[in-house]
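So the sequence shown is numbered by UniProt numbering: it starts at 1 and just counts up by one.
Among these hints, one or two may not hold up.
[Said to hold, decoys possible] The following label-pair restraints were derived from C-beta to C-beta distances:
(1) Ile90 to Glu160: 23 to 33 Å
(2) Glu31 to Gln169: 31 to 41 Å
(3) Arg196 to Ser26: 39 to 49 Å
(4) Glu65 to Arg181: 20 to 30 Å
(5) Glu160 to Glu31: 30 to 40 Å
(6) Asp197 to Cys23: 18 to 28 Å
(7) Ser122 to Thr28: 29 to 39 Å
(8) Thr30 to Ile172: 36 to 46 Å
[Said to hold, decoys possible] Think about it this way: if two alpha-carbon atoms lie no more than 25 Å apart in a straight line, the pair counts; the simulated SDA-like pairs of lysine to any residue are:
(9) Lys96 to Glu116
(10) Lys152 to Gln119
(11) Lys189 to Val201
(12) Lys152 to Lys189
Hints listed in this document are in silico derivations from the structure and should not be mistaken for laboratory results.
The beta-carbon is built from N, C-alpha and C at its ideal position, and this holds for glycine as well.
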Amino acid sequence: MNILLNLLFLARGFLFPQKCALCGCSLTYTEEIRLGLCEKCRSAVSREKGQECNLCGKPLISEKELCLSCRNGGAHSYERMFVLFPYTGIYRKLLKAYKFTGNLSLANFFAEKIIELIQDNSELKDAYFVPVPPRPGKIKDTGWDQVEELIKRLKKSGREKIKVCGCLQRKISKVQKHLSRAERMENLKGRIMLKRDAPKVALVIDDVITTGSTMEVSCQALKDGGAEKVYGLCLFYD
1 MNILLNLLFL ARGFLFPQKC ALCGCSLTYT EEIRLGLCEK CRSAVSREKG QECNLCGKPL
61 ISEKELCLSC RNGGAHSYER MFVLFPYTGI YRKLLKAYKF TGNLSLANFF AEKIIELIQD
121 NSELKDAYFV PVPPRPGKIK DTGWDQVEEL IKRLKKSGRE KIKVCGCLQR KISKVQKHLS
181 RAERMENLKG RIMLKRDAPK VALVIDDVIT TGSTMEVSCQ ALKDGGAEKV YGLCLFYD
(Lines of atoms letter the chains of each structure in order from A and count residues from 1; the text may use other names and numbers.)
(Lines give C-alpha, C1' and ligand atoms only; values in the text may rest on other atoms or scores of the structure.)
Protein backbone atom coordinates (compact mmCIF):
# COMPACT_ATOMS: atom_id res chain seq x y z
CA MET A 1 0.00 0.00 0.00
CA ASN A 2 2.83 2.42 0.87
CA ILE A 3 4.50 1.74 -2.49
CA LEU A 4 1.23 2.48 -4.28
CA LEU A 5 0.75 5.73 -2.35
CA ASN A 6 4.29 6.82 -3.17
CA LEU A 7 3.68 6.16 -6.86
CA LEU A 8 0.44 8.16 -6.74
CA PHE A 9 2.19 11.10 -5.08
CA LEU A 10 4.96 11.02 -7.68
CA ALA A 11 2.47 10.79 -10.55
CA ARG A 12 0.49 13.74 -9.20
CA GLY A 13 3.68 15.73 -8.76
CA PHE A 14 4.66 15.05 -12.36
CA LEU A 15 1.26 15.92 -13.86
CA PHE A 16 0.45 18.78 -11.48
CA PRO A 17 3.73 20.16 -10.06
CA GLN A 18 3.26 21.27 -6.46
CA LYS A 19 5.09 24.25 -5.01
CA CYS A 20 6.45 24.72 -1.50
CA ALA A 21 3.96 26.78 0.51
CA LEU A 22 6.72 29.07 1.76
CA CYS A 23 9.51 29.48 -0.80
CA GLY A 24 7.62 28.42 -3.93
CA CYS A 25 10.19 25.91 -5.16
CA SER A 26 8.97 22.79 -6.98
CA LEU A 27 8.43 19.80 -4.71
CA THR A 28 9.84 16.59 -6.16
CA TYR A 29 10.20 14.10 -3.32
CA THR A 30 7.23 12.12 -2.02
CA GLU A 31 7.61 13.42 1.54
CA GLU A 32 7.84 17.02 0.36
CA ILE A 33 4.65 16.68 -1.69
CA ARG A 34 2.84 14.99 1.20
CA LEU A 35 3.75 17.75 3.66
CA GLY A 36 3.50 20.72 1.29
CA LEU A 37 6.94 22.07 2.25
CA CYS A 38 10.47 21.54 0.97
CA GLU A 39 13.05 20.13 3.36
CA LYS A 40 14.76 23.51 3.80
CA CYS A 41 11.53 25.27 4.79
CA ARG A 42 10.50 22.44 7.11
CA SER A 43 13.76 22.97 8.97
CA ALA A 44 13.14 26.72 9.08
CA VAL A 45 9.76 26.29 10.80
CA SER A 46 10.77 23.57 13.22
CA ARG A 47 9.11 23.92 16.60
CA GLU A 48 11.31 25.55 19.25
CA LYS A 49 10.61 24.41 22.79
CA GLY A 50 10.70 26.82 25.70
CA GLN A 51 9.78 29.88 23.65
CA GLU A 52 6.25 30.15 25.03
CA CYS A 53 4.56 30.61 28.41
CA ASN A 54 4.28 27.29 30.23
CA LEU A 55 0.67 28.07 31.12
CA CYS A 56 -1.10 30.09 28.40
CA GLY A 57 1.26 29.40 25.49
CA LYS A 58 1.86 33.07 24.71
CA PRO A 59 5.23 33.67 22.99
CA LEU A 60 7.78 34.96 25.50
CA ILE A 61 9.87 38.04 24.79
CA SER A 62 12.13 38.58 27.80
CA GLU A 63 10.27 36.51 30.39
CA LYS A 64 11.17 32.95 31.33
CA GLU A 65 8.70 30.07 31.81
CA LEU A 66 5.66 32.28 32.49
CA CYS A 67 4.40 35.45 30.81
CA LEU A 68 3.73 38.54 32.91
CA SER A 69 -0.04 37.99 32.91
CA CYS A 70 0.23 34.42 34.21
CA ARG A 71 2.84 35.46 36.79
CA ASN A 72 0.33 37.97 38.09
CA GLY A 73 -2.25 35.27 38.61
CA GLY A 74 -4.18 35.36 35.33
CA ALA A 75 -6.78 32.58 35.58
CA HIS A 76 -7.54 30.12 32.78
CA SER A 77 -10.11 27.40 32.26
CA TYR A 78 -7.44 24.96 31.06
CA GLU A 79 -4.51 23.26 32.77
CA ARG A 80 -2.09 24.35 30.06
CA MET A 81 -2.12 25.70 26.53
CA PHE A 82 0.21 24.10 23.99
CA VAL A 83 1.22 26.17 20.95
CA LEU A 84 3.15 24.99 17.91
CA PHE A 85 4.23 28.31 16.41
CA PRO A 86 4.06 32.07 16.99
CA TYR A 87 2.06 34.04 14.44
CA THR A 88 5.00 36.08 13.18
CA GLY A 89 7.26 36.22 10.12
CA ILE A 90 7.15 33.14 7.92
CA TYR A 91 4.61 31.55 10.27
CA ARG A 92 2.03 34.07 9.08
CA LYS A 93 2.64 32.91 5.52
CA LEU A 94 2.33 29.30 6.65
CA LEU A 95 -1.08 29.85 8.23
CA LYS A 96 -2.28 31.90 5.26
CA ALA A 97 -1.31 29.09 2.86
CA TYR A 98 -3.28 26.60 4.93
CA LYS A 99 -6.30 28.54 6.13
CA PHE A 100 -6.95 30.98 3.29
CA THR A 101 -5.30 29.40 0.24
CA GLY A 102 -6.46 25.90 1.14
CA ASN A 103 -3.13 24.05 0.89
CA LEU A 104 -4.40 20.84 2.50
CA SER A 105 -1.01 19.12 2.35
CA LEU A 106 0.04 21.38 5.21
CA ALA A 107 -2.47 19.56 7.43
CA ASN A 108 -0.11 16.57 7.26
CA PHE A 109 2.79 18.77 8.36
CA PHE A 110 0.84 20.19 11.30
CA ALA A 111 -0.38 16.70 12.24
CA GLU A 112 3.21 15.47 12.50
CA LYS A 113 4.15 18.37 14.75
CA ILE A 114 1.15 17.69 16.98
CA ILE A 115 2.08 14.02 17.29
CA GLU A 116 5.62 15.02 18.28
CA LEU A 117 4.17 17.33 20.92
CA ILE A 118 1.99 14.54 22.34
CA GLN A 119 4.97 12.21 22.51
CA ASP A 120 6.90 14.87 24.45
CA ASN A 121 4.09 15.50 26.97
CA SER A 122 2.88 12.42 28.83
CA GLU A 123 -0.16 14.21 30.27
CA LEU A 124 -1.66 14.28 26.77
CA LYS A 125 -1.34 10.55 26.07
CA ASP A 126 -4.88 9.69 27.20
CA ALA A 127 -6.54 12.93 26.12
CA TYR A 128 -9.40 13.07 23.65
CA PHE A 129 -9.07 15.65 20.90
CA VAL A 130 -12.00 18.05 21.11
CA PRO A 131 -12.19 20.39 18.11
CA VAL A 132 -13.35 23.95 18.71
CA PRO A 133 -16.70 24.08 16.92
CA PRO A 134 -16.80 26.35 13.85
CA ARG A 135 -19.23 29.24 13.78
CA PRO A 136 -22.56 28.23 12.22
CA GLY A 137 -22.43 28.67 8.45
CA LYS A 138 -18.63 28.67 8.21
CA ILE A 139 -18.33 25.40 6.29
CA LYS A 140 -21.12 26.52 3.96
CA ASP A 141 -19.25 29.79 3.34
CA THR A 142 -15.73 28.41 2.95
CA GLY A 143 -16.36 24.81 1.88
CA TRP A 144 -14.21 23.30 4.63
CA ASP A 145 -13.07 23.62 8.24
CA GLN A 146 -9.32 23.68 8.89
CA VAL A 147 -9.60 22.10 12.35
CA GLU A 148 -11.77 19.26 11.05
CA GLU A 149 -9.27 18.63 8.24
CA LEU A 150 -6.44 18.53 10.76
CA ILE A 151 -8.31 15.94 12.85
CA LYS A 152 -8.75 13.78 9.73
CA ARG A 153 -5.02 13.86 9.01
CA LEU A 154 -4.18 13.04 12.63
CA LYS A 155 -6.42 9.98 12.53
CA LYS A 156 -4.87 8.84 9.25
CA SER A 157 -1.29 9.26 10.44
CA GLY A 158 -1.23 5.96 12.32
CA ARG A 159 1.66 7.09 14.51
CA GLU A 160 -0.44 7.56 17.64
CA LYS A 161 -3.84 6.28 18.71
CA ILE A 162 -5.91 9.40 18.15
CA LYS A 163 -9.16 9.64 20.10
CA VAL A 164 -11.66 12.31 19.10
CA CYS A 165 -14.75 13.57 20.88
CA GLY A 166 -16.78 16.12 18.95
CA CYS A 167 -18.81 17.04 22.00
CA LEU A 168 -18.98 20.83 21.59
CA GLN A 169 -21.48 22.80 19.58
CA ARG A 170 -21.72 26.50 18.85
CA LYS A 171 -24.77 28.70 18.47
CA ILE A 172 -24.98 31.74 16.21
CA SER A 173 -23.22 34.83 17.59
CA LYS A 174 -21.74 38.06 16.28
CA VAL A 175 -18.67 37.89 14.05
CA GLN A 176 -15.70 38.12 16.44
CA LYS A 177 -13.04 39.60 14.17
CA HIS A 178 -13.27 43.22 15.33
CA LEU A 179 -14.28 42.61 18.95
CA SER A 180 -12.02 43.06 21.99
CA ARG A 181 -11.27 40.15 24.31
CA ALA A 182 -13.92 41.28 26.81
CA GLU A 183 -16.46 41.72 24.01
CA ARG A 184 -15.63 38.29 22.60
CA MET A 185 -16.07 36.64 25.98
CA GLU A 186 -19.46 38.30 26.38
CA ASN A 187 -20.41 37.45 22.79
CA LEU A 188 -19.64 33.75 23.33
CA LYS A 189 -21.30 33.45 26.73
CA GLY A 190 -23.72 30.52 26.50
CA ARG A 191 -22.93 30.06 22.80
CA ILE A 192 -20.50 27.15 23.11
CA MET A 193 -21.92 24.15 24.94
CA LEU A 194 -21.86 20.39 25.25
CA LYS A 195 -23.99 18.25 22.97
CA ARG A 196 -22.81 14.99 24.57
CA ASP A 197 -20.79 13.86 27.60
CA ALA A 198 -17.35 15.39 28.01
CA PRO A 199 -14.28 13.11 28.17
CA LYS A 200 -12.37 12.92 31.45
CA VAL A 201 -9.22 14.30 29.80
CA ALA A 202 -9.72 16.69 26.89
CA LEU A 203 -7.35 18.43 24.49
CA VAL A 204 -9.22 21.29 22.83
CA ILE A 205 -7.75 22.09 19.42
CA ASP A 206 -7.99 25.24 17.30
CA ASP A 207 -5.92 26.75 14.50
CA VAL A 208 -5.03 30.16 15.91
CA ILE A 209 -5.43 32.05 19.18
CA THR A 210 -5.95 35.81 19.01
CA THR A 211 -7.50 36.87 22.32
CA GLY A 212 -8.02 33.33 23.62
CA SER A 213 -11.72 33.88 24.30
CA THR A 214 -13.02 31.03 22.11
CA MET A 215 -10.57 28.61 23.68
CA GLU A 216 -11.39 29.77 27.22
CA VAL A 217 -15.14 29.39 26.70
CA SER A 218 -14.71 25.98 25.05
CA CYS A 219 -12.53 24.67 27.86
CA GLN A 220 -14.88 26.04 30.51
CA ALA A 221 -17.84 24.28 28.85
CA LEU A 222 -15.94 20.99 29.16
CA LYS A 223 -15.03 21.67 32.79
CA ASP A 224 -18.65 22.52 33.59
CA GLY A 225 -19.67 19.29 31.86
CA GLY A 226 -17.52 17.10 34.08
CA ALA A 227 -14.11 16.95 32.40
CA GLU A 228 -11.41 16.42 35.02
CA LYS A 229 -8.47 17.77 33.01
CA VAL A 230 -8.70 20.13 30.05
CA TYR A 231 -5.74 21.18 27.94
CA GLY A 232 -5.62 23.46 24.92
CA LEU A 233 -3.70 23.19 21.68
CA CYS A 234 -3.42 25.68 18.84
CA LEU A 235 -1.24 25.83 15.77
CA PHE A 236 -0.46 29.55 16.09
CA TYR A 237 -0.59 32.21 18.78
CA ASP A 238 -1.27 35.70 17.43
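Now for the hints, and whether the structure bears them out:
1. Ile90 to Glu160: 23 to 33 Å: Check passed, 27 Å falls within 23 to 33 Å.
2. Glu31 to Gln169: 31 to 41 Å: holds (37 Å)
3. Arg196 to Ser26: 39 to 49 Å: Given about 46 Å between the Cβ atoms, the range holds.
4. Glu65 to Arg181: 20 to 30 Å: With a Cβ separation near 23 Å, Glu65 and Arg181 satisfy 20 to 30 Å, so the hint holds.
5. Glu160 to Glu31: 30 to 40 Å: Taking Cβ atoms as reference, Glu160 and Glu31 lie about 19 Å apart, which means the hint is violated.
6. Asp197 to Cys23: 18 to 28 Å: At roughly 46 Å between Cβ atoms, Cys23 and Asp197 fall outside 18 to 28 Å, so the hint is violated.
7. Ser122 to Thr28: 29 to 39 Å: The hinted range 29 to 39 Å holds for Ser122 and Thr28, with Cβ atoms some 38 Å apart.
8. Thr30 to Ile172: 36 to 46 Å: holds (43 Å)
9. Lys96 to Glu116: Status holds; Cα separation ~23 Å.
10. Lys152 to Gln119: Roughly 19 Å separates the two Cα atoms, so the pair holds.
11. Lys189 to Val201: Holds, at about 23 Å.
12. Lys152 to Lys189: violated (29 Å)
Of the hints listed earlier, those the structure fails to meet are numbers 5, 6, 12, in rising order.
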